[in-house]
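A.B. asks: Given only the sequences and the hints, what does the whole structure look like? Please build it.
Okay, so the sequence shown: first residue is 1 according to UniProt numbering, each after it adds one.
Calculated directly from the structure, the hints in this document are not laboratory data.
As the structure is a computational prediction, the values presented were derived from the model and not from experiment.
Don't be surprised by glycine CBs; every beta carbon is placed ideally from N, CA and C.
Incorrect hints may have been included.
Stated by the list, open to error - Between beta-carbon pairs, the in silico distance windows are:
# : residue 1 : residue 2 : range
1 : 139       : 350       : 19 to 25 Å
2 : 91        : 209       : 25 to 31 Å
3 : 91        : 203       : 35 to 41 Å
4 : 27        : 49        : 19 to 25 Å
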Amino acid sequence: MEITGAGRLEVRITPLDVGKRVSIRRLVDPSEGAGTFTDVVGVLTSWDESGVLVITRRTGQVVRVPETSLVAGKTVPAAPARRRGPAADFAELTRVASRAWRPVESERLGEWELRAASGFTRRANSALALGDPGVPLDEALDRVRSWYAERSLPAYVQAATGAAGTQEALCAALEERGWTREVSADVRIGALAPVADLDADRDRVTLSRTAGGPGGGWLRRYQRASGEPAPHMLRVLESGPSVWFASVAAESGDGSGDGSGSGDDGTPVAIGRCVVDGRWAGFMAVEVDPARRRRGLARAVMAALAGRALEEGASAAWLQVEKENTAAGALYAGMGFTTHHSYHHYRGPRD
1 MEITGAGRLE
11 VRITPLDVGK
21 RVSIRRLVDP
31 SEGAGTFTDV
41 VGVLTSWDES
51 GVLVITRRTG
61 QVVRVPETSL
71 VAGKTVPAAP
81 ARRRGPAADF
91 AELTRVASRA
101 WRPVESERLG
111 EWELRAASGF
121 TRRANSALAL
131 GDPGVPLDEA
141 LDRVRSWYAE
151 RSLPAYVQAA
161 TGAAGTQEAL
171 CAALEERGWT
181 REVSADVRIG
191 ALAPVADLDA
201 DRDRVTLSRT
211 AGGPGGGWLR
221 RYQRASGEPA
231 PHMLRVLESG
241 PSVWFASVAA
251 ESGDGSGDGS
261 GSGDDGTPVA
271 IGRCVVDGRW
281 AGFMAVEVDP
291 ARRRRGLARA
301 VMAALAGRAL
311 EEGASAAWLQ
321 VEKENTAAGA
331 LYAGMGFTTH
341 HSYHHYRGPR
351 D
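C.D. replies: Now the structure itself:
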């Protein structure tokens with residue numbers, strides 16, 4: 001906060017600072033007595049004629065602040081680059097993640113990519129809004145809604161916040177137009193070698209090039225596959241520059257003792273997926289039988305996949321964790337992964 005020589009807080013931002021990162025202090029609920037002060041740090045995405053500021057935090061949360069409640073404010077430098085992990089550019093990471101989870105059908109809208117895969121995951125059924133759509137935003141969003149309506153799918157736009165070059169202004173514009181943020185996830189990065197060096201029983205892990213390998217066991221463990229896997233699901237799962245699937249078979253004496261029989265039919269007790277793309281190795285679908293968690297199986301899967309990725313020349317790792325999945329977040333933090341940015345899926349207004 002800016003403080004003058006007389007000790008007074010001062011507002012030093014104007015509508016000309018839209019698009020910059022700011023830090024403001026505001027008075028909340030001044031009508032209820034003295035009120036309280038709160039601070040907001042984020043990108044100033046708009047300051048309209050009615051005197052309302054819109055600030056988008058790195059988490060994607062949009063905060064609306066009446067200028068009459070401002071007590072202090074200033075522009076601040078962009079968030080410093082993290083010291084841990086590899087150097088990473090937002091656009092590079094986003095393109096790498098997109099190549100690791102390809103849709104069945106796609107179409108360009110300027111630099112945006114419209115993606116569809118019969119509804120299998122939002123990532124494969126959303127418009128990746130990276131760059132310029134080549135038309136005004138309202139027209140672009142109309143085209144997005146029409147494209148997905150033709151396929152009997154809800155319209156989603158994927159956009160990001162929290163790093164240099166991310167899309168706070170687009171996120172705020174989507175919310176202003178009635179698009180609803182449904183799911184947010186952190187994109188985390190880390191060095192690959194420490195993951196391969198984890199103290200884990202890698203000998204239990206079998207690696208395969210296909211998800212529908214012998215017996216289809218990997219797919220039986222995968223929580224998003226219910227019933228017989230459809231061809232479009234396999235096309236997404238097996239897409240990417242160099243894809244590996246990890247499985248851990250049940251062993252005698254490895255039962256949970258709860259009578260569930262998990263693993264008795266050949267279903268793995270743990271699985272994972274990794275896509276190697278140049279220097280990057282992306283980890284997805286790491287899942288463990290709930291009755292066998294906290295036994296190091298996820299660490300074994302990650303270590304085995306990381307070892308193979310190192311052999312293929314990768315040196316950096318990335319993964320995505322939904323914000324509500326605190327258990328997975330803690331696991332990956334212990335492996336050295338730190339948050340680079342967050343991405344969000346916005347659903348279009350329902351007619």
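A.B. asks: Quick check: which numbered hints come out false for this structure?
C.D. replies: Checked against the structure, no hint fails, so every one of them is satisfied.
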